[in-house]
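Which chain is which? The protein sequence lines are A and B, in order. Taking our numbering as reference, the numbering of the first sequence is continuous, increasing by one, and the terminal residue is 152. Taking our numbering as reference, the numbering of the second sequence is continuous, increasing by one, and the terminal residue is 139.
Source of the hints: derived by calculation from the structure; they are not laboratory data. Quick reminder that beta carbons are idealized off the backbone N, C-alpha and C, glycines included. Don't take each hint at face value.
[To be verified] Label-pair distances were calculated between CB atoms; the ranges are:
no., chain 1, residue 1, chain 2, residue 2, range
1, A, L12, B, P16, 41 to 51 Å
2, B, S54, A, F98, 34 to 44 Å
3, A, H42, B, G55, 17 to 27 Å
4, A, P36, B, K116, 43 to 53 Å
5, B, I14, A, V50, 45 to 55 Å
6, B, K57, A, H101, 43 to 53 Å
7, B, H53, A, Y11, 36 to 46 Å
8, B, A71, A, P43, 15 to 25 Å
9, B, F18, A, A44, 17 to 27 Å
Now for the letters of each chain:
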Amino acid sequence: MVHHSLSPRQYLILGLVAVSAPLGDSCLSRGMAAMPPITLAHPASLIAAVFTPWIALGITLLIGFFASYLTALSWADLTFVLPATAFGYVIVALLAHFWLHETISLERWAGIVLITLGVGFVARGPSLTQHPAPEAEKSADLEPIEREVETQ
Amino acid sequence: MTITLPTVPLPATINPWFAAAMIAAVVLTSTTGEVLTAAAMKSIGDLDVIRAHSGLKGAIRAVLTSPLFFAGVFFLALAFFSLLFALNHLNLSLVGPASASLTLVTNAVAGKIFLKENVDRRRWASAVLVCVGVYLLAH
Chain A
1 MVHHSLSPRQ YLILGLVAVS APLGDSCLSR GMAAMPPITL AHPASLIAAV
51 FTPWIALGIT LLIGFFASYL TALSWADLTF VLPATAFGYV IVALLAHFWL
101 HETISLERWA GIVLITLGVG FVARGPSLTQ HPAPEAEKSA DLEPIEREVE
151 TQ
Chain B
1 MTITLPTVPL PATINPWFAA AMIAAVVLTS TTGEVLTAAA MKSIGDLDVI
51 RAHSGLKGAI RAVLTSPLFF AGVFFLALAF FSLLFALNHL NLSLVGPASA
101 SLTLVTNAVA GKIFLKENVD RRRWASAVLV CVGVYLLAH
């Protein structure tokens with residue numbers, strides 16, 4: 001596996017991670033804001049919240065997020081996946097702007113520019129740290145296959 | 001964000017220390033969970049390769065037989081419930097950007113220390129840019 005260039009499939013998975021997380025969070029927020037205040041004295045009411053429609057939809061989206069996130073982490077570094085998928089916030093803000101006609105303040109445009117720059121930065125670098133040593137890069141490429149055999 | 005955000009991020013009735021503690025709980029539990037999960041996935045190997053060899057069931061089995069994975073999920077579940085708790089007391093306009101942006105930085109530190117990831121200047125720069133950007137965008 002060449003880790004410097006991601007396949008279209010891998011970009012698709014990073015895209016899924018990016019979009020499903022902020023959409024899921026928005027659903028959770030909408031659901032929780034509609035609930036009466038919950039105190040630490042009654043933690044069971046948090047469990048009941050799981051079965052309300054917005055929270056359930058949010059959880060479904062977050063399960064999809066988790067599956068694609070795990071896949072991404074199996075072939076890329078955590079410090080690559082997290083900034084790269086923060087691009088989802090930009091996608092959601094732009095969708096809100098063009099579909100829902102929400103206004104985007106100057107502050108938010110600045111945020112969009114900074115995230116895009118940060119994602120561009122990280123995406124131009126390698127997606128996976130090669131262990132144990134940089135000079136052992138070629139043999140490290142074989143590692144995932146060896147490990148995979150061990151798990152069977 | 002597709003929802004209408006209130007203009008005052010912190011309700012007057014909330015103690016700022018309580019708000020900070022709720023956000024810190026989300027950040028710490030999610031960082032621990034993400035580092036453990038990332039370690040688990042690295043020890044399992046490329047899921048796409050495993051799936052090509054032994055199918056989706058094989059890939060699921062590889063994940064579900066990893067103790068590290070369950071340790072990670074435990075902390076991610078804690079993070080999830082502390083997020084729900086925080087969202088019940090604070091607005092998303094505060095909890096969302098604060099926890100998302102702080103988690104990026106704590107993960108860069110934790111990734112370098114615990115996962116021995118090569119967090120070079122490029123990755124620090126992008127973590128900080130995205131951190132400030134997420135805060136500005138979601139605030």
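Here's how the hints hold up against the structure:
Between L12(A) and P16(B), the C-beta spacing of about 42 Å keeps the proposed range 41 to 51 Å intact. Restraint check, S54(B) to F98(A): a C-beta distance of roughly 43 Å satisfies the suggested window 34 to 44 Å. Taking 17 to 27 Å as the suggested C-beta distance range, the pair H42(A) and G55(B) does not conform, at roughly 44 Å. P36(A) and K116(B) have their C-beta atoms about 46 Å apart, which keeps the hinted 43 to 53 Å range intact.
At about 24 Å, the CB distance of I14(B) to V50(A) disagrees with the hint of 45 to 55 Å. K57(B) and H101(A) have their C-beta atoms about 46 Å apart, which keeps the hinted 43 to 53 Å range intact. Between H53(B) and Y11(A) the beta carbon distance is about 23 Å. The supplied range of 36 to 46 Å is therefore violated. Here the CB-CB span from A71(B) to P43(A) is close to 22 Å, well matched to the stated 15 to 25 Å.
Look at F18(B) against A44(A): about 21 Å separates their beta carbons, and that is inside 17 to 27 Å.
The structure fails hints 3, 5 and 7 (numbered hints given earlier, in ascending order).
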